[in-house]
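2 protein chains.
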Amino acid sequence: MKRYILLTPGPTPLPPAVSEAMARPILHHRTQEFGDLFDAVLDDMRYVYQTQGATVLMMTTSGTGSMESAVVNLLSPGDKIIVHTTGAFGDRFVSIAKAYGVSPVVVAEEWGHAADPARLRQALQANKDVKAVFFQHTDTSTGVVNDLEKLAHEVREQSAAVVVVDSVSGLAAEPLKMDSWGLDVVLTGSQKGLMCAPGLAFAAVSERAWPLVESAKLPRFYFDWRAMRKSLKNRETPYTPGVTLVAGQAEALKMIRHEGIENVWKRTAELARYTRAWAGRQGLSLFAKDPANILTAINMPAGVDGDALIKDILAKEGISIAGGQVQLKGKIIRIAHMGYITKADLDAGFAALEARLSKAGV
Amino acid sequence: MKRYILLTPGPTPLPPAVSEAMARPILHHRTQEFGDLFDAVLDDMRYVYQTQGATVLMMTTSGTGSMESAVVNLLSPGDKIIVHTTGAFGDRFVSIAKAYGVSPVVVAEEWGHAADPARLRQALQANKDVKAVFFQHTDTSTGVVNDLEKLAHEVREQSAAVVVVDSVSGLAAEPLKMDSWGLDVVLTGSQKGLMCAPGLAFAAVSERAWPLVESAKLPRFYFDWRAMRKSLKNRETPYTPGVTLVAGQAEALKMIRHEGIENVWKRTAELARYTRAWAGRQGLSLFAKDPANILTAINMPAGVDGDALIKDILAKEGISIAGGQVQLKGKIIRIAHMGYITKADLDAGFAALEARLSKAGV
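If you read the protein sequences in the order shown, they are chains U and F. Here the first sequence stands for residues 1212 to 1573, numbered as in the numbering used here. Here the second sequence stands for residues 1212 to 1573, numbered as in the numbering used here.
Isolated chain U (complex conformation):
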């Protein structure tokens, strides 16, 4: 018998009330009841995004689908864009843009470092006609957090470009204030700080961004934000949404609203501090130079294969910890702090790690 503990950066564990809501009898998606649920989700999402003016759109897709939706709804062939990347998910914006024939100017930070506003300024000055600048809020591949307020300010100073943020892993975990920071498009998914199962994604789109959406020439159908906005009048989505996920998301958002978004940020920060302190006591160093609160990336000591370690922990103890991606495979482990992850979950993970590290002579 083993309890399954998720310390991975999405999907994160679900509060029992969310699981319960997802198991309720299914609603048809063109009814008063669904409209009420959908409205509540969008209203609570505006609160989580800290926006009054943006339009929140909901899609049934993974976080990556929402990233693609931003590319196809904002751009036309030949448009100039900047992608300021700090890891694997920033690189994904580059891949999506290229798949659609748009060649981005790429400002790439060394993995583990946050986006440098000075380097962004240089790129903006060299590319005055840029249409959009793409950032991550947090990059789960490296565990860094970007200073979005400063970066968005830099964009505004230098150009008329819209600021697009992938906050799939950051929202409802790490502070974000869409309106006061001047962010134009913020993307997210249901399965991380939002404490729901994966399968829903959201885009908050500012009034400033809508003219681009109307004039963009890249092809789009399922991800067409114009159709999504039009359907909002009928309190529905253009195509059948993941209704059980919407029921779960409504429940999770109620919990977030009840706790207060600032308290959610504070709770996540406390778990991050707790984990960094544990790593310090073990003599383990952090991978990120600008560590996020959503997850802690920890360097493995020389001679320890992080991937083998976490595979053993998952198999024997049912605790799921993430490894490194791409060039970091085996070299780091990543412990998440967002959503319904608790101190007790972390303690269980720490104990499993300590036992194996001490056996390895660390």
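Calculated from the structure, these hints are not laboratory results. These figures come from a predicted structure and were not determined experimentally. Take the hints with a grain of salt, since some may be wrong.
In this list, chains with the same sequence are indistinguishable; a pair is considered to hold if it fits within one copy or across any two.
[Unchecked claim] Listed below are the simulated SDA-like cross-link pairs for lysine to any residue, each with C-alpha atoms no more than 20 Å apart in a straight line: (1) 1465 <-> 1553; (2) 1522 <-> 1567; (3) 1444 <-> 1536; (4) 1428 <-> 1287; (5) 1444 <-> 1266.
Guided by the hints, dock chain F onto chain U, whose structure is given.
Below, chain F without anything else, positioned relative to chain U:
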């Protein structure tokens, strides 16, 4: 207190075991456990599709997303295609193709009529260089079923085009034999005959279709079948899938396999016959000239607004029946028979309809 009864053609009601599976503790999607679940789903889907040779791909999206995936993975700009449409969902293929700059040759049947093989033959003879022909299995907007075996045979006789079928509402309800009928791509969604919640979609892709996928030039990222096929080796999906939905789908497929797909088809056909007989006794006529088993579209008598009728039934009795779409709004009602819908559900719907029709003097 009212019990909520779904007689709509998707989402359909969920078996309790499926709801229970979706409420289980969430799995991480890059684990042995998820791989086992995913493998079981794909294996059972091959059985439901009645295919040995096709590759089954899974996406987290609505049925419409799977339709878009077929367009972008099979076609290049300038390609010639035929869409043989029998209703609103066939028309959707036309809209998707146009959004991507592909102008289809459209063979449109009058609503309520199935696709006519003779008209298809004419279109094929006039367009020898056609790359793909798109059909619906069943069109839920009109309640017709197409003779896919005959239509696919016609395509094979006249051209080298691949046969693409939208079976979002047909699969696991209406007979379909992918291999023996010579279908190349069959698309479906989780929320109808497959008895799971909405949010997952599938594409079965024959060996004959893969060279087109490799050479297609339309832009694609999230819906890229090449990435999906590559990930199958690791028993995973390229991006975070709807894991709770996969757990539910695995459970529903176990039930289908246990019942036997032929028995599922038979059960659905019996409910359709039962509903047609009821309509006959009420003096109501059927809308479809070639009625499907997945749902029955019934003409409303002159002077009766079908939309007002079903709105009242939903509000007062919690029974959800579908109305007409586009030009059929208010003129027909649609009662579904697929998935976990039972005779008892139908009886409740019939009673609610009878009470209101007799009040209207019908």
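Going through the hints against the structure:
Taking CA atoms no more than 20 Å apart as the test, residue 1465 paired with residue 1553 passes inside one copy only; the shortest distance there is 19 Å, against 35 Å between copies. Taking CA atoms no more than 20 Å apart as the test, residue 1522 paired with residue 1567 passes inside one copy only; the shortest distance there is 12 Å, against 62 Å between copies. Taking the closest pair of Cα atoms, residue 1444 and residue 1536 come within 20 Å of each other only across two copies (18 Å); inside a single copy the shortest separation is 42 Å, beyond that limit. Taking the shortest alpha-carbon separations for residue 1428 and residue 1287, both the intra-copy value of 4 Å and the inter-copy value of 17 Å come in at or below 20 Å.
Taking the closest pair of Cα atoms, residue 1444 and residue 1266 come within 20 Å of each other only inside a single copy of the chain (12 Å); across copies the shortest separation is 40 Å, beyond that limit.
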